Amino acid sequence: MAKELTTESYIQHHLTNLTCGKTPDGWTCDPYKVDQMGFWAFHVDSLFWSIALGALFIVFFKAAMPKKIDSNSAPTGAQNFVEMSIEFVEDNVQSLFGSVKNTLIAPLALTVFVWILLMNLMDLVPVDFLPVLAGHIAYAVAGEGVEWISSPESFYFKVVPTTDPNITLGMAFAVFILTIYYSITVKGLKAFVAELTLHPFGKWLMPVNFVLEMVNFIAKPISLGLRLFGNLYAGEMIFILIALMLFFSSIPIGMLGFGLHLVWALFHILIVALQAFIFMALTIAYLAMAHETEEH
Amino acid sequence: MEYSILAAGITMGLSAIGAGIGVGILGSKFIEGIARQPELAPFLQGRFFLMMGLTDAVPMIGVGLGMYMLFAI
Numbered sequence: 548m549a550k551e552l553t554t555e556s557y558i559q560h561h562l563t564n565l566t567c568g569k570t571p572d573g574w575t576c577d578p579y580k581v582d583q584m585g586f587w588a589f590h591v592d593s594l595f596w597s598i599a600l601g602a603l604f605i606v607f608f609k610a611a612m613p614k615k616i617d618s619n620s621a622p623t624g625a626q627n628f629v630e631m632s633i634e635f636v637e638d639n640v641q642s643l644f645g646s647v648k649n650t651l652i653a654p655l656a657l658t659v660f661v662w663i664l665l666m667n668l669m670d671l672v673p674v675d676f677l678p679v680l681a682g683h684i685a686y687a688v689a690g691e692g693v694e695w696i697s698s699p700e701s702f703y704f705k706v707v708p709t710t711d712p713n714i715t716l717g718m719a720f721a722v723f724i725l726t727i728y729y730s731i732t733v734k735g736l737k738a739f740v741a742e743l744t745l746h747p748f749g750k751w752l753m754p755v756n757f758v759l760e761m762v763n764f765i766a767k768p769i770s771l772g773l774r775l776f777g778n779l780y781a782g783e784m785i786f787i788l789i790a791l792m793l794f795f796s797s798i799p800i801g802m803l804g805f806g807l808h809l810v811w812a813l814f815h816i817l818i819v820a821l822q823a824f825i826f827m828a829l830t831i832a833y834l835a836m837a838h839e840t841e842e843h
Numbered sequence: 514m515e516y517s518i519l520a521a522g523i524t525m526g527l528s529a530i531g532a533g534i535g536v537g538i539l540g541s542k543f544i545e546g547i548a549r550q551p552e553l554a555p556f557l558q559g560r561f562f563l564m565m566g567l568t569d570a571v572p573m574i575g576v577g578l579g580m581y582m583l584f585a586i
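The listed protein sequences correspond, in order, to chains A and B. All residue numbers for the first sequence refer to this note's numbering, where the first residue is 548 and numbers rise by one. All residue numbers for the second sequence refer to this note's numbering, where the first residue is 514 and numbers rise by one.
For reference, chain B alone in the conformation it holds in the complex (with noise of 0.2 Å):
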């Protein structure tokens, strides 16, 4: 039970740093390419949702995943 503790906090940390960083480096793209091009906002706007979606995606599947094992196993 501990080491499904220390399993769990190991899986849901990392995988947010992981997803910290992916969607910081989205997100400063996305402002610049508002920078440059204004009239592109709207266009950008879905696709960076969409992209932010499956970066997000990860880190949520490992908090589903270290809930899990908290709780289920």
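Bound-form chain A, shown alone (with noise of 0.2 Å):
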């Protein structure tokens, strides 16, 4: 039971998670009963897709590394790449992190950067293809016995992780509670407690303080995930909007489509990257300050 091919299923299908989740009647990943799952619902493809790419960055930074170390000889290759990116971060993290000891900051920084890049980078891949192919895959194993998999297209697949705001979200609180949790142990509970009522108008307006700091406070992992999502997310829907031309179009339309394709990707690159590096400078930022102790 194929459904028609219209602009908004084409649409909607791209922006669908794969999701299975615990229903009354058992574990199911009917795209129809999305509703019944309430919270044991997971975002399967997004949770393979971050895991994968975690595992590749792992794997590929360790494999970089030389097996004897031979001052004699220059890096070569994937060696290199690894230093340069290492070395990157490691700038960064002295810039704005200055004097702090702290030797969890730069590995978190590296590891964020990187992660974040791999997993933006699957929005360059062409929209269609790995959706396509994952339905493709998903009919021949189990599509008989399975009956929400009535055929390829029915299979829902989302390739990117960053475009999903849980992922996105997720990594913004863990920074958020690293953050708490710096300056926890950092300043003491005191000064934290301090920090957020005192400022700005004095002890005897710590009500009106304490919303004031609150406010700043929740803010910065909100829009320190957000603004990830909201940029891939944007890019994203813009690839599938150029994707509609060449589907639904005349065949000049079509040709425009391809090139807008192309600069499209080529533009989108400097945004994968800047985003990829505004996440990492914001996370280092956030803990830098978490670190600093601050005299009024």
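The set of hints was computed from the structure by calculation and includes no laboratory data. In this text, all values refer to a predicted model and were calculated from it rather than measured experimentally. Every clue listed holds true.
A short list of chain B residues far from chain A (calculated; beta carbon distances all over 10 Å):
hint, residue
1, S517
2, A520
3, G522
4, G537
5, R549
6, P555
Which bits of chain A does chain B cover? Going by a derived footprint, with three or more residues having C-beta under 8 Å, they are:
hint, segment
7, 557-569
8, 821-833
To give a feel for the contact side, a few chain B residues facing chain A, derived at Cβ under 7 Å:
hint, residue
9, A570
10, M573
11, I574
12, V576
13, G577
14, M580
15, F584
Don't be surprised by glycine CBs; every beta carbon is placed ideally from N, CA and C.
With the hints as a guide, bring both chains together as one complex.
Here is the structure:
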């Protein structure tokens, strides 16, 4: 029962995650039962790609390390690339973090940067390639036995993990929890509470201060996560809209769409790298802020 | 549905105006800074791109939310 392909169903198809969850009848990935899943609903595609790319990052960086350190030979190939990215991150950490001694920050920044960059780069894979491939594989493997995979097209699969707000906000809140942890361990609970309540109006307007500082405090992780999500979501959306030009129009407009794809992909490389860099820079900056003991 | 199209248009348009002004000011100051002290250009360039990314994010979030209003609601 293949649905008719319209503009809206095409876009809907690309914006829906493969969601698996627990319904009253047991575990299922049926897209029509998402409402019944409640809390235990997993975006399996986002999870799969983010974990796979994280594993790729670890394996690649480990494999690039030379087996024997030979000081006479110049580093080649992959080792060069890895050293370059490590130095790039280290420079940024040095300039933003200054003299504070914390050995967690640089590895964290490197992980954040490379992982987000890899996840963002999935955006440059043609929009239909992996979803259709996954649909055909799922149909070939399980199509007969499972009722909700009625055709390859009925299988939802969203490739770019960072266009899923759950992933970006999850990372942002992980950074947020780290900032709270370091605020409390480095400054002490008393100074942390004082920072939230005694600023900017003094101790007699404590509730007002607390509300103002709380807004500031909560806005940080939310804007951090939404910035990455918004950029990548908008980018993905524009890829989908350009792809629509190829499908539903005449040949000249299709050719124009092909050119536009190339132009937007080239421009998007900038956004992809820039957003990964900004997420890393802000992670470092927030953690640096958590280490500063302010004197007013 | 008609109102969500209007809302999406306003969201995207107004956020684009704000970011346009912001990036314009940022770019003019960047060029001014380089003109005054050309030797600082590489240093300023990194900061310029960082701030541009931060400014750029607001209309992008607007576009994302606008598209969400159009297609996902």
